Amino acid sequence: MCKRFAQVVYSKTTKLKELILVKIRHIQPKDDPQLATIIRHLLKSFGLDKPGTAYFDPELEHLSDYYAQSKKREYFVLVDDNDRVLGGNGIAEYDPQNGVAELQKLYISESAQGNHMSFKLIDAALEFAKQAGYREVYLETHHDLAAAVHLYQRYGFRKLDGPLGGGEHSEMDIFFAYPLV
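If you count by the numbering used here, then the sequence shown holds residues 123 to 303, one letter each, in order.
It is worth saying that the hints were derived from the structure and are not from the lab. Treat the hints with care, since some could be wrong.
Unchecked claim - Okay, derived cross-link-like pairs now, DSSO-like style, lysine-lysine, Cα gap no bigger than 30 Å in a straight line:
1) 252 to 145
2) 252 to 242
3) 194 to 172
4) 152 to 172
5) 152 to 281
6) 152 to 242
To be verified - What follows is a list of derived Cβ distance ranges for each label pair:
7) 295 to 217: 32 to 38 Å
8) 220 to 159: 21 to 27 Å
9) 217 to 276: 31 to 37 Å
10) 205 to 166: 21 to 27 Å
11) 179 to 206: 34 to 40 Å
12) 249 to 143: 29 to 35 Å
13) 190 to 219: 20 to 26 Å
14) 204 to 282: 38 to 44 Å
15) 172 to 287: 19 to 25 Å
16) 219 to 253: 27 to 33 Å
Note that the structure is a prediction, hence the values are computed from the model and not measured. Even for Gly, the Cβ is constructed at its ideal location relative to N, Cα and C.
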């Protein structure tokens, strides 16, 4: 019984330690290869390694450059205490005339999933979007990404009947919006 208790305590402590030792920071050029690998691996694992998804986005290899092109864009990176990239997400303009930003590329490596860190990444992205003057955040996802769909619904995103238009990811078939004002 003592041995079992020790295993449970160790397990809980390890999980808590992982939660404490991660942080969210702004993207750096050194993060680009790790993020591209995480995003492509996860998309491939769901059979979404095809045109019309982020898998083939031209900026995927250089996300730091893409997000540095405008003060209305930002990408947040989840890292462990050794600065190893565990995931991230970004905000960029979608329909600037109407104050709409897009939540982009929310991906968390399999090793870091299940710790609710995606909520923290969304918090950071939405706070940035507010500060950047956006009125609403839009996102596109796929029905096969059930955990992501559940996450967005749980966070309070409103499911839309269809895309807002102008999107680049033709394979995406579920659309959400989140009001900031």
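Status of the hints after comparison with the structure:
1. 252 to 145: holds, 21 Å
2. 252 to 242: holds, 15 Å
3. 194 to 172: Since the Cα atoms of residue 194 and residue 172 sit roughly 28 Å apart, the hinted pair holds (cutoff 30 Å).
4. 152 to 172: Since the Cα atoms of residue 152 and residue 172 sit roughly 26 Å apart, the hinted pair holds (cutoff 30 Å).
5. 152 to 281: violated, 35 Å
6. 152 to 242: The given pair, whose Cα atoms are some 22 Å apart, holds under the 30 Å limit.
7. 295 to 217: 32 to 38 Å: For residue 295 and residue 217 the Cβ distance comes to about 20 Å; the hint is violated.
8. 220 to 159: 21 to 27 Å: violated, 35 Å
9. 217 to 276: 31 to 37 Å: This hint is violated: roughly 25 Å between Cβ atoms.
10. 205 to 166: 21 to 27 Å: For residue 166 against residue 205, whose Cβ atoms are near 25 Å apart, the range 21 to 27 Å holds.
11. 179 to 206: 34 to 40 Å: violated, 23 Å
12. 249 to 143: 29 to 35 Å: violated, 22 Å
13. 190 to 219: 20 to 26 Å: holds, 23 Å
14. 204 to 282: 38 to 44 Å: holds, 39 Å
15. 172 to 287: 19 to 25 Å: holds, 22 Å
16. 219 to 253: 27 to 33 Å: Given range 27 to 33 Å: violated, Cβ gap about 19 Å.
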